[in-house]
Amino acid sequence: AQTIHQWPVAEIKAVGSPLSLGCTIKGKSSPNLYWYWQATGGTLQQLFYSITVGQVESVVQLNLSASRPKDDQFILSTEKLLLSHSGFYLCAWSLHLGKDTQYFGPGTRLLVL
Amino acid sequence: QQKVQQSPESLIVPEGAMTSLNCTFSDSASQYFAWYRQHSGKAPKALMSIFSNGEKEEGRFTIHLNKASLHFSLHIRDSQPSDSALYLCAVANSGTYQRFGTGTKLQVVP
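The listed protein sequences derive, respectively, from chains A and B.
Its first residue numbered 616, the first sequence is counted upward by one per residue in my numbering.
Its first residue numbered 441, the second sequence is counted upward by one per residue in my numbering.
Hints are not guaranteed to be accurate.
[To be verified] Distance condition first, Cα-Cα at most 25 angstroms in a straight line; then the derived PhoX-like pairs of lysine-lysine:
#1 A:643 with B:485
#2 A:641 with B:482
#3 B:545 with B:485
#4 B:545 with B:496
[Said to hold, decoys possible] Which stretches of chain A does chain B cover? Using the computed rule of at least three CB atoms under 8 angstroms from a CB of chain B, they are:
#5 634-645
#6 661-675
Calculated from the structure, these hints are not laboratory results.
Note that beta-carbon positions come from the ideal geometry of N, C-alpha and C, so glycine has one too.
For reference, chain A alone in the conformation it holds in the complex:
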């Protein structure tokens, strides 16, 4: 069975500080990976997707970057946090790109002060 793990569970960070969020997928080789952001009570916004190691595509510009250093690892980061970065960050995977069920990780809750 596939498992998806995200770290950290929650973060409180200062405006202007750096951020790194991680996601690992176990039990599935070469998954399509995604990063989503959800404002409190808001809709899910896809940020990035990756179909293979080393390849990441940006969907929206939010002063964030993503990398896929290993087949089972997806990293979301920024050098300078903004207040607007607060929210719930979710990593997900799917078997097929786009039109397929997305399986979400438990998420990381971020509060920027």
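Since the structure of chain A is provided, determine the placement of chain B on it from the hints.
Just chain B, lined up with the frame of chain A:
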């Protein structure tokens, strides 16, 4: 750009009732239609999906798609308090992007 909208924004139903949630989309080339459920503080979890016009039933849940009307819906039979959650619809075309709606907050009261 694809627009996905849900109605109503929130809904309160008594236990045992039928619940109907709606989702409209703007891109007639859309090919994949799904519903996700998100309990408070948790990650979304896929409920069911459909590719072609018609209905699909899984247990107490039924999804109905009408591409010509740019509309699909989720019906929950015999709603339970455990069904209380945020329901998100999602639409995808042949590309890489799955766009989610703004959600319907459902509360089922005993």
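Right, here's what the structure says about each hint:
At most 25 angstroms may separate the alpha-carbon atoms for a hinted pair to count; residue 643 of chain A and residue 485 of chain B meet this at roughly 18 angstroms. Note on residue 641 of chain A and residue 482 of chain B: the hinted pairing holds, with a Cα-Cα distance of about 20 angstroms set against a maximum of 25 angstroms. A C-alpha spacing of about 15 angstroms is found between residue 545 of chain B and residue 485 of chain B, which places the hinted pair at or below 25 angstroms, so the restraint holds. Of the pairs offered as hints, the one joining residue 545 of chain B and residue 496 of chain B holds, with about 22 angstroms between alpha carbons and a cut-off of 25 angstroms not exceeded.
Only residues whose beta carbon comes within less than 8 angstroms of a beta carbon in chain B count, and the region 634-645 of chain A has 0; fewer than three means the coverage is violated. For the region 661-675 of chain A, the proposed coverage by chain B is satisfied: 4 residues have a C-beta within less than 8 angstroms of a C-beta in that chain, meeting the threshold of three.
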